[in-house]
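Chemist: Working from the sequences, and respecting the hints, build out all of it.
Below are the chains, spelled out letter by letter.
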Amino acid sequence: MLIDIGSTFTKAFSVDLLEEKILATVSTPSTTNTNVAKGIDKATQLINTVIQRKIDYQLRLASCSAAGGLRMVVVGLVPELTVKAGKLSAYNAGAKIVGTYSYKLNKYEIIEIEKLNPDILLFVGGTDGGNEEALLWNAEMIAQLEINVPIIFGGNKVVAVEVKSILEKNGKKVFLAKNVLSEIGKISAFAVKEMIRKIFIERIIISKGIDKARRYVDEDIIPTPLAVFNAVKLLSSGTVSVKGIGELIAIDVGGATTDVYSSASGHPTLEGTTLKGLPLPYDMRTVEGDLGLRINAITTIKEANLNKVVKSSKIENTDITQVIEKISNDITLKPKTNIEKVVDLEIASYAIQLALNRHVGDLEKQYTPAGEINIQYGKDLTNIKTVLCTGGLFSHTNERDLLEMLNRSISSKDDLFCLKPTRPNFFIDNEYILFGMGLLSLKYPDKALRILKNNIKAIH
Amino acid sequence: MNKRKKINIVTGVIGSDAHIIGNRILQIALTDAGYNVISLGILVSQEEFIAAAIETNSSAILVSSLYGMGEIDCQGFRDKCIESGLDNITLYVGGNLGLGKKNWSEIEEAMLQQGFNKAFPPDTMPEDVIKSLDEDLLTQ
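In the order they appear, the protein sequences are chains Y and U. Residue 342 in the numbering used here sits at position 342 of the first sequence, with consecutive numbering throughout. Residue 134 in the numbering used here sits at position 134 of the second sequence, with consecutive numbering throughout.
Every clue listed holds true.
Derived list of chain Y stretches under chain U, where covered just means 3 residues or more per stretch with a C-beta under 8 Å from a C-beta of chain U: (1) 74-81; (2) 124-132; (3) 357-369.
Pair by pair, the computed Cβ-Cβ distance ranges are: (4) GLY68(Y) with THR124(U): 57 to 65 Å; (5) ILE21(U) with THR239(Y): 38 to 46 Å; (6) GLU47(U) with GLY99(Y): 20 to 28 Å; (7) ILE25(U) with GLU133(Y): 30 to 38 Å; (8) ILE21(U) with GLY99(Y): 38 to 46 Å.
None of these hints come from the bench; they were simulated from the model. Only a predicted model underlies this, so the values are computations on that prediction, with no experimental measurement involved. C-beta atoms are modelled at their ideal positions from N, C-alpha and C, and glycine is treated no differently.
Modeler: Spelled out as structure tokens, the structure:
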């Protein structure tokens, strides 16, 4: 049994491990405000009703995005260097970043961080043997925070012990990890990612009241985006025994956020292009906390109006104000009327376009005495042939409308400098099993991969 | 040699210039001499030099330029260093710096006016750069 405890719904599905088949999938309102276990019990009963028998499960695993998910603040030094490396590490751990700070902190920023009240504070900065002064300053400032937030230090190792001492003297709980940017041009996200995961399991789950669910499952509960990240990575790279499907992009369009995952090298495809900026990891996740179908519907539309997005002709000259208000105020809404479906799809299109634009790299032309040269920042994903989409929208929209929307949103040739896929094939996770296969991959990676490959649906 | 090990130096080829060989030779020589060299490669903007210098707490930035646009590409560099808190960082520039200018002393003067500590003409030997760095960094 694979369970996801969300803020609104607890989703579960039952898998026959021998046959490698999905038996049933259910969704029931979450009970995280009262007793989280009730939601899990209810999901189990529903599955038993669908399958028409009671199953004695060999394995129960769970992920969690409830109570706002894993909220983090990143404090680093230079925005394009250690702050960016810190953000990438946090995203890859399944976090939602609610604030980022650069250079030396001031007291107003300390007050801001207190108001944000993150679950974890990631403190980075300086390559190994690099900047110390700014880090020691920030340690003194962070020590003054009047919130009880666990702090991960993943910065210049030369001052790690001193930073820890400063923070611990002021009652802060500090965890040390390898530097996210030990030298210029080399990101090391793994140690910080593992530390985030450890703290989530040992502390965050308890503080959010989700720990009571632990006795219903057989392994530690992990953040939902981390489970999805694991699934995407597995699908792309495969295992020792089962081949993956190669480079791919996955997009998860939710009510509040849109996550983009890419498993791809991102190397330049245009001859003579020079790659600049921080090298990005093969497996990468970005989170757009302002783009979503419900809570952030209005913000998404505002962003779309400010940026160059491709719009559908279906909503031209139509007043959709009331529909938008209804959609953004009801997080459980499944569109029923034709106009609700059209608007829902349109907002999804904007979220996908904007989120993907922010995830992929850019191409810049420069003119030099030696002629025209191309400079690439970020990943070149133009040759990606597989785009996998997940989220509630994809399970309740017909394929023809989905395909039209995805072609318009992803393969548009309007912006040649934005390195999005030009001719991908689209797949949907309409059973919403990605998180579950990410969980299962921790115990049975070959089975998880085969089930994934058999259940994601190509749309033509 | 030991004192050099504690010093970080950022180097690279500025602007839209892709001539890397001279800079790479300099990087190897400086590393062999014991300095910690952070090499940013080609097509490096002023901001990238400065960002790397901040993160690595570098004592010097060595800018190479061979395509004749160096004087233009370096304009405002010292000012940006000051704004970024690198007021006293040692700045060197070297190569084929001035398009059309034939007189090295004119070019050198222009670069010093821009706030560079030293300017080096084409064909400068790495040993001369190392000697200058030792004077400027090790005696502080």
